[in-house]
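Keeping their order, the protein sequence lines are chains G and D. In terms of the numbering used here, the first sequence opens at residue 34 and continues consecutively. In terms of the numbering used here, the second sequence opens at residue 82 and continues consecutively.
Quick caveat, the hints were computed from the structure, so don't treat them as lab data. Backbone N, C-alpha and C fix where the C-beta goes; we use that ideal spot for every residue, glycine too. There could be a bad hint or two in this list.
Unchecked claim - Straight-line distance between alpha carbons at most 27 Å, and here's what the computed DSS-like set of lysine-lysine pairs gives: (1) D:Lys150 <-> G:Lys162; (2) D:Lys91 <-> D:Lys150; (3) D:Lys216 <-> D:Lys150; (4) D:Lys216 <-> G:Lys159; (5) D:Lys145 <-> D:Lys216.
Claimed, not checked - Examples of chain G residues toward chain D, derived with CB under 8 Å: (6) Ala44; (7) Leu46; (8) Leu49; (9) Leu50; (10) Thr54; (11) Ala61; (12) Ala82; (13) Met87; (14) Ile88; (15) Leu116; (16) Val119.
To be verified - A short, non-exhaustive set of chain G residues, derived as facing chain D with CB atoms under 10 Å: (17) Gly57; (18) Ile94; (19) Ala95; (20) Ala107; (21) Trp115.
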Amino acid sequence: MPRLSVYFVRASLIYLLIGFTLGGLLLANKGIMVSRVIWALLPIHIELAFVGWMIQLAMGIAFWILPRFSRGLARGDERLSWLAFVFVNTGILFVALQISEIAGLAFAGRILETVGLIAFAIGNWKRIKPLDLHH
Amino acid sequence: MPPLTRWFLKAALVYLILALFTGIFLALPETIPIPGLFPVYFHMLTFGWLTQLIFGIALWMFPKYSIAKPRGHEWLGWATFILLNGGLILRIIFEPLHSSTPSPLSSWMLVIAALLQWMAGLAFVANTWPRIRVK
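Taking the hints into account, I'd like the entire structure generated from these sequences.
Below, the structure written as structure tokens:
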């Protein structure tokens with residue numbers, strides 16, 4: 034597994050743990066109400082579970098298993114995918130920090146995530162191709 | 082495909098079908114609303130189907146832990162399966178029940194469901210983390 038995929042997948046596992054912890058708190062609080070404030074964690078739970086865990090895992094696995102090039106760099110120019118890793122993770126943190134009620138954080142986070150995903154798509158676009166069997 | 086992966090995948094497919102039927106029920110033009118059913122529907126899709134599918138495929142396809150233990154600690158894998166499904170089944174039964182007629186039993190069952198699902202995540206990460214490495 035390439036280094037960048039290791040980073041993507043490990044980051045996704047960390048978000049899985051945090052996302053599951055928040056989800057557990059939300060469900061337990063539904064059973065036995067400890068505090069209404071816990072409900073404020075719902076958007077963060079959704080963000081970490083979807084973008085942090087599932088989307089980021091898919092990115093890491095895609096970077097690992099998409100067909101490679103037989104000539105030149107095996108995975109093409111990796112810089113865009115590295116940029117995607119940084120942007121998506123910064124974006125997730127910004128969206129999660131919306132709980133602090135600082136205006137514009139969630140908006141900025143969503144923009145970072147979107148730019149990151151676009152960078153990833155461009156960086157790996159040409160790898161979506163038939164397997165190169167003649168090398 | 083290892084036996085545990087087959088269990089994960091078949092269970093995931095069962096939740097997908099259950100979720101789709103629940104979705105049909107929720108979309109019926111004239112139906113008696115069941116409180117707590119929407120989050121159950123949502124988690125059957127995201128947790129019972131998607132997450133469980135990922136867990137099963139990851140167990141099968143991720144880099145091997147070692148020659149002797151290619152898929153890490155078997156017991157942790159089975160624990161993940163049992164905890165995930167035990168927790169989700171409790172949730173499916175007791176979340177709608179608790180939302181309509183709360184009782185001490187339904188309260189505690191939701192807390193236990195939360196705990197089991199959280200522990201499933203913990204067990205998966207513990208077993209998977211050492212397999213995510215640069216090769």
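Verification of the hints:
1. D:Lys150 <-> G:Lys162: violated (34 Å)
2. D:Lys91 <-> D:Lys150: holds (24 Å)
3. D:Lys216 <-> D:Lys150: holds (17 Å)
4. D:Lys216 <-> G:Lys159: holds (23 Å)
5. D:Lys145 <-> D:Lys216: holds (11 Å)
6. Ala44: violated (10 Å)
7. Leu46: holds (5 Å)
8. Leu49: Cβ of Leu49 of chain G sits 6 Å from chain D, so the hint holds.
9. Leu50: holds (6 Å)
10. Thr54: OK, holds: Thr54 of chain G within 8 Å of chain D, min 6 Å.
11. Ala61: holds (4 Å)
12. Ala82: Nearest chain D Cβ about 7 Å off; hint holds.
13. Met87: holds (7 Å)
14. Ile88: violated (11 Å)
15. Leu116: violated (20 Å)
16. Val119: violated (19 Å)
17. Gly57: At about 4 Å, which falls below the 10 Å cut-off, the nearest Cβ of chain D leaves the hint on Gly57 of chain G intact, so it holds.
18. Ile94: The hint holds - Ile94 of chain G has a Cβ within 10 Å of chain D, the shortest such distance being about 9 Å.
19. Ala95: violated (13 Å)
20. Ala107: Constraint on Ala107 of chain G not satisfied, violated at 13 Å.
21. Trp115: violated (15 Å)
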